[in-house]
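S.K.: Now for the letters of each chain:
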Amino acid sequence: MDKYQEAFLEEAGELLSELESALLALDGNRDDTESVGRAFRALHTIKGSGSMFGFDEIAGFTHNLETAFDRLRTGQMAATADLINLALAAGDQIKNMLDEAAGRGIADQSRGAGILAELRGLTGRAETPGEAEAGRPAVPSASPREAGSGTARDFRIHFRPAPDVLLNGTNPLLLLGELRQLGRIQVNLDLTGVPPFGELDAERCYLGWDILLTTTAGLEAIRDVFIFIEDNCELSIDPVADAAIQDQPAAPQNAAAASNIRVSAEKLDQLINLVGELVTVQARLSELAARKDDPEILAVSEEIERLTAGLRDNSISVRMLPLKNTFERFRRLVHDLGAELHKDVELRIEGAETELDKTVIDQLNDPLVHLIRNSMDHGIESLEARRSTGKPPTATIRLAALHSGANVLIRVSDDGRGLDAEAVRSRAIEKGLIDHAARLSEPEVFSLILTPGFSTAQTVTGISGRGVGMDVVRRNVEALHGSIEIASQPGVGLTVTLRLPLTLAIIDGLLIRVGDAHFVLPLANSLECVELTAGDVREAHGNHVANVRGEIIPYIRLSEYFQMGTARPEREQIMVVETDHGRYGFVVDQVLGDHQTVIKNLGNLYRNVPAVSGATILGNGTVALILDPHRLVQNAVQTAAVRGRPEGRGARHSNSHDRIHSKGKTRR
Amino acid sequence: MAKVILTVDDSASVRQMVKFTLCDAGYTVVEAVDGLDALTKLSGSINLIITDLNMPNLDGIGLIRSVRSNTAFKGLPILMLTTESQDARKQEGKAAGATGWIVKPFTTQQILGVVKKVIG
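Line by line, the protein sequences are chains A and B.
The opening residue of the first sequence carries number 1 in this note's numbering; numbering runs sequentially from there.
The opening residue of the second sequence carries number 1 in this note's numbering; numbering runs sequentially from there.
For reference, chain A alone in the conformation it holds in the complex (with noise of 0.2 Å):
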C-alpha cells in the first residue's frame, strides 16, 4: 500500500464521520440544506479520492449514494427517514470496505448489493459509475500521444483563439509549443487580426496562426492540444495530401534531399563574397539612414538589414559541411598506420555532425593527419608495453568535435603515454627555447613543442617524429586563425585542441571605439559590458582588476595595448570577454553596439600580428580591426609571464610591435 492509499484511507474514515454527523443533523430536521450539502461532500470526496487511489470498488458504491444526495441537494427527491437510514448503513457498508482494503475483515458484499438495490427502491433509478464514466479519457491532454499511423503525415491546421483568450488564463504560445512536440512545425504569424494602433486592448489576442505540422500523432492528439479553448477558437486542422506539400517551401526533409543540386565550391565562395559586399553596402545605408532620420527610408533600411542578415545567414549555412567525410577518412590511415606499427588501435568518432565551414574543412585535413600519425607512433605504446603497464591492448584514439560560441573545438586524444611535462621543459632549455629561470604553467610547458625544430622523440620513424610535424599543424591552424592546446598526463594519454572558427567569412561582431579608432570583437566571445570609472581604477591600487559584482576580472586596456597614445576618458568601459584564460575585460573608450562583420584578410604583411585576425569596412568607409580575444589575452599573459620567449626575436609575443594605424579611410 503505497503513502497515498493510507492518508486516503484515513481521510475516508473522517469523512465518514463527518457523513454520519450530517445524517444525524439531517435526521432532526429534514429540510437542512446545510446538512445534505455536508454528506453530499463527503460522500463525493469519498468517491473522487477513492477511484484516484485505486480503491474502484468504494467509488462505485459511493457514487450511488453521491447520486441519490445529489438529487436531494437539488430538491428532485426529498429526505425520508428510510433514506436516512439507508444512508447510515450504507456509510457503514463503506467502512467496512475500508477496513477490507486496510486489510482488517472482510466487507459483506451481498450486503452491499442488497443496499444498491434498496437505494434504487427509493430514487427509482438505476445507475453504476461504470455507465457514467466509461469510454471517455480521464484527462483531455493526457490521452497518449498515439502513433496515428507510424509515418509522418502533415497537417494544415489553422488556430486563432478568441480575443478573450488570455483572460481566463490561456497562453496560446504553450500550445504551440506543445505541437512543436508533436513534430516539425512551421507557423505563419495571421495579423489580419490586429486593428489601428489606438484600438488595441493589450488584454486582448488579435493573432492568428497557420501551421504546418509534420507528426507521426494522429488527429486526435493534435486536436487534444486545443482541448481547453476548442469552443473558444477558430480551429481546423486538415491532413494535407503528400502531392501538396512538395509544392511548398518548407519541403520535408526527405523531400529536399532528393532535389540537392551540385554546386562548384567557387561560385559559392561569389555568393559569399557578394553577400559580405551587400553586409557592408546596407551598414553604409543604415548609417545614412540613421543621419537622415526619414522614416521612410528608416522602413526601407530596417527591412533590408533584415534580409541582408537572412541572406547572410543562408548563404553561410550553404557552405558548412559536417565533419563527417574528413572524419571517416582517418579511420582508413589509423588502420594502415596499426598494421605498419604493429599496433592495435581503435578510432572513435565523436561530433561527426557538427558543421563547419567547407574552407575551413579544406585545410583541416593537414594537421589532424600529423596530429593522428603522431599520436599513433609516439603516444601510443608497443603491445608489450600496454600490456606490462596494465592498460588494454587495443589503444584507443578520440576523434571529436563540438561547438563553443563561434568556434568549433576540435579534440584528438590518445590513451598512450602521454607527455611528460619535465622532459619537454629540459628539451626546450637544451634547445634555448626557454630560459632556465622560466616559470611556465604546464600547458604552456606543452605549447613549446610546437615550436619549430622541437621534438622529444628519441629515434626519427618513417612515420614521425622529424620535429616539423608540430609546427606545421599549428601553422595550419593559425592561418585559419585557430588556436592549440595540449593537455596531458603522463602515462594516461594527451588530448590536443584545435579551436577554429565557425566561418571565415562573416561573424556578427560588437563595435567598440579606442581613440578615434575602432574595432571589432567577436559578439559569441562577449559576455557584457560595464562601465570603469575613475573610482574603480583607484580601488585597484595600480592594478588593472575590476570588480564586477563581486567577480575580480583582469583587464587589458586597448589603448595602453596598443600604444595609442590617447588621453583616457572620464568613463570607460570594459568589454567582459570568456577566453581559454577565463574571463578578461578589454577597457575601451565607447562600445558603440552590434555590427555584422565581413572579415578581410590583411594580407601578408601583417599575418604576424596576433591579436588581430582580420579588419572590416564600416558603414562610413572606415576600417575596423577585428580583434582576436583568445590571442590578445594569451599576449598579454606572456609578455607577463615570459621572461625568456620561447621563440626567437620576432614580432610574434613582442607587445611593442602590436602598434595600430587604423585611421586611414578607403576610398571607394
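Keeping only pairs whose Cα atoms sit at most 27 Å apart, straight-line, the calculated DSS-like set for lysine-lysine is: (1) B/Lys3 with B/Lys90; (2) A/Lys267 with A/Lys324; (3) B/Lys19 with A/Lys3; (4) B/Lys19 with B/Lys116; (5) B/Lys3 with B/Lys19; (6) A/Lys3 with B/Lys3; (7) B/Lys116 with A/Lys3; (8) A/Lys358 with A/Lys267; (9) B/Lys19 with B/Lys90.
Footprint (simulated), chain A over chain B, 3 or more residues, beta carbon under 8 Å: (10) 13 to 24; (11) 53 to 66; (12) 74 to 83; (13) 99 to 113.
FYI, nobody ran anything at the bench for these hints, they're computed from the structure.
Every residue gets a Cβ at the ideal spot worked out from N, C-alpha and C, and that includes glycine.
Chain A is fixed; fit chain B onto it per the hints.
M.R.: Chain B in isolation, oriented as in the chain A frame:
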C-alpha cells in the same frame, strides 16, 4: 525560479498526491483546504491554481469567480478538478473563467501533463 502552484482541495489525500507530484517535478506548492482559504493565500507570486469544485465554505466555481473578478489575477491560469459525471459543473467552471480541467481519477503523469500545458 520555481513556479508556484496553489492547490485547493478539501481532501487531504488528493492534496497530498498533487503536492508530492508537483514538488517532485520542481514546482513550489501552496495548499488551501477550501475556496475561502485559497483567497487568503492568493498572491502575486502564484503562477497557477488547481482547485477542486466541491468544497465547503467557498466552492471551486465561487473561487474561480472571485479570482477572475480581481483585476490583478485576470490572466492567472486556473485548472479545476472535475469528475466525468460533472459535465454541467465543468461548463459552469469554464464560463466562470477556468483555463482547463483535469478529470478525476487522474494519474501523476496526467496532472503533470496538464500543468505543463497551461504554464509550461
